[in-house]
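Novice: Listed below, chain by chain, are the residues.
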Amino acid sequence: MFKLIPRENVSPVLSLLGPLFSVGFTMLIGGVLFYFLGVDPFAAIKMIFWDPLMSETFSTYSIPQIFIKGAPLILIALGLSVGFKANVWNIGAEGQYIMGAIFGASFALSLYPLESIFIFPTMVLMGILGGSLWSMIPALLKVKLNVNEILVSLMLVYVAEQILALASLGFLRNPDGAGFPGSRNLSQYSSASNSELIVGTGIHLGVLLSLLMVVFFYVLLFRHSLGFKIKLLGNSPKASGFSGDNPNKLIFLCLTLSGSLAGLAGIMEVAGPAGQINIDFNVGYGFTAIIVAFLGRLNPIGIFFAGIVMALTYVGGELTQFMLNLPAAAIQVFQGMLLFFLLSFDLFVHYKIKLKGNK
Amino acid sequence: MKKVIKFLSASFLFAVMALNANLAISADYKVGFIYIGPPGDHGWNYQHDVGRKAVDEAFGGKVETVFQENVPESADAERVMTQMALAGADMIFATSFGYMDPVINVAKKFPKVKFEHATGYKTADNVSTYSARFYEGRSVVGHIAGKMTKSNTIGYVASFPIPEVVRGINSAYLAAKKANPNVEFKVIWIFTWYDPAKEADAAKTLISQGADVILQHVDSSAIMTVAEEAGVYAFGQASDMSAFGPNAHLTAIINGWAPYYVEKVKQGMAGTWKGGEQTFDGIGAGMVIIGELNDKIPASVKKEAMAIRDGIASGTLHSFTGPINKQDGSPWLKAGETADIGTLLGMNFYVEGIEGDIPK
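Taken in order, these protein sequences are the chains called R and V.
Quick note: the first sequence uses our numbering, first residue 173, plus one each step.
Quick note: the second sequence uses our numbering, first residue 70, plus one each step.
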């Protein structure tokens, strides 16, 4: 039938245009989908991409919200992108995000109601530690026993979810919560609260860190030899070995780095916008961040914009739901299409398609 | 080039259109609803949506309702409610327990918007809570289950070990035990409110352990489908689920939110709505409705079930009437004593006779 032949010269311009095409195509096909759902496609697309930024009614509230929603996506995607560049596939950021939140929150809540300025920074470090420890499991298994890190990291998400349920119903359950699941509210515990930095906006430390991390990762990947080594490992593991790098060390580093970032995102979220450990604490940032990483072309600056676009589809998507009665699933399809079109576009950029005659 | 110009001018037109559009909700009184799952679940969310539609109907064009489905119980809930308030909602019904802290936070920012939160316990000047005494319905279905089981094993698919669910298990068990002293309860906790696959798996496990009547405190209709296939009995949760198992469906405990929603919206419009109230109504007030009884239930059992329903409605009967011991054998209620509301709302223990532990 069809045969894919790799192109000898991949156009760098086309490759960069991919994300734009994918957003455009998603709007187009999404619009058709919305039309068949009985919703005015122009109104819906405008409400997703325009109103959260520009409408008088919503923008003062929703612009900071886009950064808040985007922050965990950007943090996690930055970590993942480093691994993806090295061909190390951490699919379990969702689990590392959960474990970061549980580690940090457990530390802070074990000290409740003690007030001290040391609690918050230590809690954040514990969150990072929690995420990195959880990612060390697939890292060690990969390095020592060559176990596939995709499977291990993904499966550990479900383990982390069970631990989250255990924490919400057991060891972290709010003793003053009348038996209901869920921990104390960290945002009401001033020493542990990831409170807003600019009053009235909800912008918290995690948002600031997500911006700083964009810069940090840009320097790491493009201005530091480690970034070069990581890319070398991804492009040519053999060459990486010949140049004297230890691939196992790099693999370990990539996984724990992405775990740490996911853990950081987790503790920022639980101490800030979410407020408490609860059974439904995780809402899929770890998975959505994979889309963000690819949509951003594994480039820190690209990831920043991709995170913002993705956050926009969440915030704007919510508006379309209650203003235009668009079903929630339609928005999820819309978000999924972003990655789908990007990957299909990439296929055509990197390969020629040749029709193969039957024998 | 022409194409580019065409595209640019189209985008420009598009942008101008966008700028001029009016975003606020336009009716006199605007009411928002947020749901934890899809209204198509034929369970918890479906019934809230029935209530919402009743509001639409009751006030004609004077009230506009909007809703949002699948809102996670997290920071997202806070954002959704804030956006609804910004869009001009006058009243917001938050229909799941986990929206509690978000409701309190948003209510603080919008003191003029009235909030109604289902099943929570935190109130404010502009936040009231409401919940239904579902356990009253469990007394009726528990009795029917006790009479209908042949294996004397009743399965129970439970969601989270919170007081509401524990209360339901206890109430159903007490009624079943009274109807049939040989019954035994098997409880499976699945830690979700809505997951058709997990619910179905739990039901299958219970059936393989000998249960021939399944009770559920989870939202989907999956268990009803499994029960129909396996030829056992089950009860509809939150709404009538007989469409999913005409033979299996003995009756349903139906959540009747509609009268409450209509009443609260009416109060909101008239300016008589009050915050800080905690409503906890049952069969008597119509917040808990017993559905149609399947003809598979013998006439005598039907009569007994209706007598329990009417007794509870009129107040002559209480689901928790002593003597009742706790699971560990320690006395809870003396003969003739009925449970106080505080213990009911915080119930974290099984009554005597139920085996197994409440997950901690």
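Since the hints were made in silico from the structure, they are not lab data.
A hint or two may mislead.
Stated by the list, open to error - Distance windows between CB atoms, simulated:
#1 R/L369 x V/T348: 34 to 44 angstroms
#2 R/E228 x V/D364: 52 to 62 angstroms
#3 V/A193 x R/S282: 48 to 58 angstroms
#4 V/E298 x R/G413: 36 to 46 angstroms
#5 R/L209 x V/G345: 46 to 56 angstroms
#6 V/D409 x R/G342: 51 to 61 angstroms
From a predicted model like this one, the values you see are computed outputs, not experimental measurements.
Heads up, the beta-carbon is just placed ideally off N, CA and C, and yes, glycines get one too.
Novice: Taking the hints in turn, state whether each one holds.
Specialist: To see whether the hints hold, each was checked on the structure:
no.	hint	result
1	R/L369 x V/T348: 34 to 44 angstroms	39 angstroms, holds
2	R/E228 x V/D364: 52 to 62 angstroms	60 angstroms, holds
3	V/A193 x R/S282: 48 to 58 angstroms	30 angstroms, violated
4	V/E298 x R/G413: 36 to 46 angstroms	57 angstroms, violated
5	R/L209 x V/G345: 46 to 56 angstroms	40 angstroms, violated
6	V/D409 x R/G342: 51 to 61 angstroms	27 angstroms, violated
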